[in-house]
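Student: For reference, the chains in residue letters:
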Amino acid sequence: MNSLVAFWSILMKDMKNYYLKPPNISWGIIFPISWTLMFFVRSGSGEVDIRSILPGVMSLSILFGTTSMLAVTITFERKSRSFERLLLSPISLKLLMLAKTTGAILFGIINAFIPVILALLIVDLSGIFWLAVLAGVALIAITSTFLGLFIAVAVNEVFEAQTFSNFFRFPMMFLCGLFIPIENLPVFLRPISFILPLTYGADALKQSINGNGIIVPWLNFLTLLGFAFLLFTISTRNIKKKWIY
Amino acid sequence: MEIIEVSNLSKSFDGFFAVKDIGFFVRKGEVFGFLGPNGAGKTTTINMLTGLARPTSGEIKIAGHDGIKDIKRVQRIIGIVPDESNLYDDLSGYENLVFCSALYGIKKSDREEKAKSLLKQFGLDDTGKRPFKAFSKGMKRKLTIAAGIIHEPEILFLDEPTTGIDVESARQIRRLVKELNNRGTTIFLTTHYIEEAERLCGRIGFIVDGKIVKVGAVDDLMREAQRDHIVEFSLGSRNSPVLEELKSAFQDVSIDQTKNGTVRISSKDKIEIMPFMSFFSSREIAVFEARIIHPSLEEVFVRVTGIEVNKMKNEKEGKKR
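From first to last, the protein sequence lines stand for chains D and H. Just so we're aligned: the first sequence equals residues 1485 to 1729 in my numbering. Just so we're aligned: the second sequence equals residues 1168 to 1488 in my numbering.
In short, the hints are calculated from the structure, not lab data. Just so you know, not all the hints are guaranteed correct.
[Unchecked claim] Capping the alpha-carbon separation at 25 Å, the derived lysine to aspartate or glutamate pairs in DMTMM-like fashion look like this: (1) H/Lys-1239 x H/Asp-1292; (2) H/Lys-1187 x H/Asp-1256; (3) H/Lys-1283 x H/Glu-1251; (4) H/Lys-1236 x H/Asp-1188; (5) D/Lys-1500 x H/Asp-1257; (6) H/Lys-1300 x D/Asp-1533; (7) D/Lys-1505 x H/Asp-1256; (8) D/Lys-1497 x H/Asp-1387; (9) D/Lys-1505 x H/Asp-1257; (10) D/Lys-1726 x H/Asp-1376; (11) D/Lys-1497 x H/Asp-1292; (12) D/Lys-1726 x H/Glu-1197; (13) D/Lys-1497 x H/Glu-1279; (14) D/Lys-1500 x H/Glu-1262; (15) D/Lys-1563 x H/Asp-1326; (16) H/Lys-1381 x H/Asp-1292; (17) D/Lys-1725 x H/Asp-1436; (18) D/Lys-1505 x H/Glu-1262; (19) D/Lys-1724 x H/Asp-1277; (20) D/Lys-1497 x H/Glu-1280; (21) D/Lys-1563 x H/Glu-1262; (22) D/Lys-1497 x D/Glu-1568; (23) D/Lys-1725 x H/Asp-1181.
[As the list claims (entries may be wrong)] Residues from chain D that face chain H, not an exhaustive set, calculated with beta carbons under 8 Å: (24) Ser-1487; (25) Ser-1536; (26) Ser-1564; (27) Leu-1571; (28) Ser-1576; (29) Gln-1646; (30) Ser-1677; (31) Ile-1679.
[Stated by the list, open to error] Pairwise CB distance ranges (calculated): (32) D/Ile-1509 x H/Asp-1188: 51 to 59 Å; (33) H/Glu-1319 x D/Val-1700: 34 to 42 Å; (34) D/Trp-1727 x H/Ser-1401: 47 to 55 Å; (35) H/Lys-1283 x D/Pro-1506: 27 to 35 Å; (36) H/Lys-1274 x D/Pro-1665: 49 to 57 Å; (37) H/Glu-1169 x D/Ile-1679: 52 to 60 Å; (38) D/Pro-1665 x H/His-1232: 56 to 64 Å; (39) H/Asn-1349 x D/Arg-1565: 24 to 32 Å; (40) H/Glu-1172 x D/Lys-1505: 44 to 52 Å.
Even for Gly, the Cβ is constructed at its ideal location relative to N, Cα and C.
With these hints in hand, go ahead and build the complete structure from the sequences.
Tutor: What follows is the structure, given as structure tokens:
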């Protein structure tokens, strides 16, 4: 009960202090619109199949929203030493890190549904398996947030967090099958696609929205869970090693 | 009754020992001062006692709990005020206090009431919605202390509580420390202000280069120091041959030249001044001042650590700036 009070307070403080700030809300709206426009320009014909690009826009909205936000906020709190206060509080490290990451996970989930709301205004979205979409979105948000945590633990400065995030995000963006189908990638790049969590997340969304995934859904979900567990375990272990020195 | 017991505690970084094999205890309800120059190992020791650093070896017992294995239980009963404020810049004083108490699982109505009462007690109740980043240094320090005691800890760790703040705020903080201690809180205080330690602490430990060189009750340390009689002369000449001549003429006393050029005579027995005056007069050395020095805790510190107190203060103040 005591720990839950702490968990809730950390989550609420982060939501208020970071995630619900006007710049972040506008980011959540502008980002999917920009991606849709990019696909529109890329199509050349001026016609974009909104429904087919929806999994991509949703996945990238989550990836870019969560990794940056978490890596930057944690690095910022470390620099200002307020993170030390959390480490000195009597809640377990795992619960503390779950409290710190839940805000980013929720932010990612909300970000993912902004393009869906925008799409609902212009196209028919019937026949979508929404429960699977929600599961896919939640798992991408969790995995990306824990990737952000992994990055935050690896760096010392806010600018390093941004740079290091891009080191992971850009290869994932181009190799996860969103822009170029995995089967069209050069043979030597294909194995890399399959070690990236976003590949499984994007495929889960493709499958549940358009029915054109290439991996069986349960494998997508299971792999994402595995990535989440691995990233969280490594990150908390690194925190113990580096921050409780 | 001992509330903190430390034995054979060490912390090394890549083979370098920041703290080496230290041992001491703190009694329940006392103010224990931990004194030493920059880099002596004070903060590393506090970090090990509070769970922010893992000891390389040794044992810590706090209120009967294992301070290494059972640190989360220990963290429930301790409060920590670090040497630099670590509250949230964008939150107001009230929000910061409410948040800090929530970390200890205090229920909402209690933490709101407690936050209001602490703001009042610390004279910060007029700060309203002003964010922490807009507070003055003294106000920040006071709020950080309030955040450290909002869960009513049994032991409070105060790391340099008055460094870098104005005189009035420092006085207020010292008064608050005394009040807290009077209410039964055990206080572990690090400071580089010897006079602050002398005024607040019951017992003191001196740490230098990661090792504890002396631990004792302030009264005992002072008594030890006051066994010596000291007279200091400000002279018109600073040359060493005179000092050497002086030393050979008065072999039953100890003679040194201080950094600011005065000649210091110390002895276990009372010092007769006239023979020295005659000595200086016969060599036509002007004596501007002769004063009796009453040994203070500062004397003990200098003698035990071999470190000039002013140098230590300047280093610390420079670091803060």
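Student: Hint by hint, note whether the structure agrees.
Tutor: Okay, the hints, checked on the actual structure:
1. The straight-line distance between the Cα atoms of H/Lys-1239 and H/Asp-1292 is roughly 32 Å, outside the 25 Å bound, and the hint therefore fails.
2. This hinted pair does not check out: H/Lys-1187 and H/Asp-1256 have alpha carbons roughly 36 Å apart, beyond 25 Å.
3. Taking the CA atoms of H/Lys-1283 and H/Glu-1251, the gap is near 23 Å; set against the 25 Å cutoff, the hint holds.
4. For the hint pairing H/Lys-1236 with H/Asp-1188, the CA-to-CA distance comes to about 19 Å; that is within 25 Å, so the pair holds.
5. Note on D/Lys-1500 and H/Asp-1257: the hinted pairing holds, with a Cα-Cα distance of about 10 Å set against a maximum of 25 Å.
6. Annotation: proposed proximity of H/Lys-1300 to D/Asp-1533 is violated, straight-line Cα distance about 49 Å (limit 25 Å).
7. A C-alpha spacing of about 15 Å is found between D/Lys-1505 and H/Asp-1256, which places the hinted pair at or below 25 Å, so the restraint holds.
8. The hinted pair formed by D/Lys-1497 and H/Asp-1387 fails the criterion: a straight-line CA distance of about 49 Å is larger than 25 Å.
9. Restraint check for D/Lys-1505 and H/Asp-1257: satisfied, since their Cα atoms lie roughly 12 Å apart, inside the 25 Å limit.
10. In summary, the hint linking D/Lys-1726 to H/Asp-1376 is supported, as the alpha carbons are separated by about 24 Å, within the 25 Å threshold.
11. As the CA atoms of D/Lys-1497 and H/Asp-1292 are separated by approximately 22 Å, the hinted pair is consistent with the 25 Å bound.
12. Between D/Lys-1726 and H/Glu-1197, the direct Cα distance comes to roughly 34 Å. Violation of the 25 Å bound is thereby established for this hinted pair.
13. Note on D/Lys-1497 and H/Glu-1279: the hinted pairing holds, with a Cα-Cα distance of about 15 Å set against a maximum of 25 Å.
14. Distance restraint check for D/Lys-1500 and H/Glu-1262: the Cα-Cα separation of roughly 12 Å lies within the 25 Å cut-off, and the hinted pair is therefore satisfied.
15. Restraint check: the Cα-Cα separation between D/Lys-1563 and H/Asp-1326 comes to about 19 Å, which is no more than 25 Å; the hinted pair holds.
16. Taking the CA atoms of H/Lys-1381 and H/Asp-1292, the gap is near 42 Å; set against the 25 Å cutoff, the hint is violated.
17. The straight-line distance between the Cα atoms of D/Lys-1725 and H/Asp-1436 is roughly 57 Å, outside the 25 Å bound, and the hint therefore fails.
18. For the hint pairing D/Lys-1505 with H/Glu-1262, the CA-to-CA distance comes to about 17 Å; that is within 25 Å, so the pair holds.
19. Of the supplied pair hints, the one linking D/Lys-1724 and H/Asp-1277 is violated, its CA atoms being roughly 32 Å apart against a limit of 25 Å.
20. With a C-alpha separation of about 19 Å, the suggested pairing of D/Lys-1497 with H/Glu-1280 holds against the 25 Å cut-off.
21. For the suggested pair D/Lys-1563 and H/Glu-1262, the alpha carbons sit about 21 Å apart, so the restraint of at most 25 Å is met.
22. This hinted pair checks out: D/Lys-1497 and D/Glu-1568 have alpha carbons roughly 16 Å apart, not beyond 25 Å.
23. Straight-line distance between C-alpha atoms of D/Lys-1725 and H/Asp-1181 comes to about 14 Å, which keeps the hinted pair within the 25 Å bound.
24. Using the Cβ-Cβ criterion of 8 Å, the hint placing D/Ser-1487 at the interface with chain H is satisfied: the shortest such distance is roughly 7 Å.
25. Below 8 Å, beta-carbon pairs count as interface contacts, and D/Ser-1536 has none with chain H, the closest being about 42 Å; its hint is therefore violated.
26. Checking D/Ser-1564 against chain H by beta carbon gives a least distance of about 7 Å; that is within 8 Å, so the hint holds.
27. With a least beta-carbon distance of about 6 Å to chain H, the hint placing D/Leu-1571 at the interface is held under the 8 Å criterion.
28. With a least beta-carbon distance of about 6 Å to chain H, the hint placing D/Ser-1576 at the interface is held under the 8 Å criterion.
29. Annotation: D/Gln-1646 was flagged as interfacial toward chain H, and the flag is violated, the nearest CB pair being 20 Å apart, outside 8 Å.
30. Among the interface hints, the one on D/Ser-1677 is violated; its C-beta lies about 40 Å from the nearest C-beta in chain H, farther than the 8 Å criterion.
31. Below 8 Å, beta-carbon pairs count as interface contacts, and D/Ile-1679 has none with chain H, the closest being about 33 Å; its hint is therefore violated.
32. For the hinted restraint 51 to 59 Å between D/Ile-1509 and H/Asp-1188, the CB-CB distance of approximately 55 Å keeps it satisfied.
33. For the pair H/Glu-1319 and D/Val-1700, the supplied restraint of 34 to 42 Å is violated, since their beta-carbon distance comes to about 56 Å.
34. For the pair D/Trp-1727 and H/Ser-1401, the supplied restraint of 47 to 55 Å holds, since their beta-carbon distance comes to about 52 Å.
35. A hinted range of 27 to 35 Å holds for the C-beta pair H/Lys-1283 and D/Pro-1506, which are about 30 Å apart.
36. In this structure the supplied range 49 to 57 Å holds for H/Lys-1274 paired with D/Pro-1665, their Cβ-Cβ distance being about 55 Å.
37. With their beta carbons about 55 Å apart, H/Glu-1169 and D/Ile-1679 fall inside the hinted range of 52 to 60 Å.
38. As the Cβ distance of D/Pro-1665 to H/His-1232 is approximately 59 Å, the hint placing it in 56 to 64 Å holds.
39. Against the hinted window of 24 to 32 Å, the Cβ-Cβ separation of H/Asn-1349 and D/Arg-1565 comes to about 30 Å, which satisfies the hint.
40. Here the CB-CB span from H/Glu-1172 to D/Lys-1505 is close to 47 Å, well matched to the stated 44 to 52 Å.
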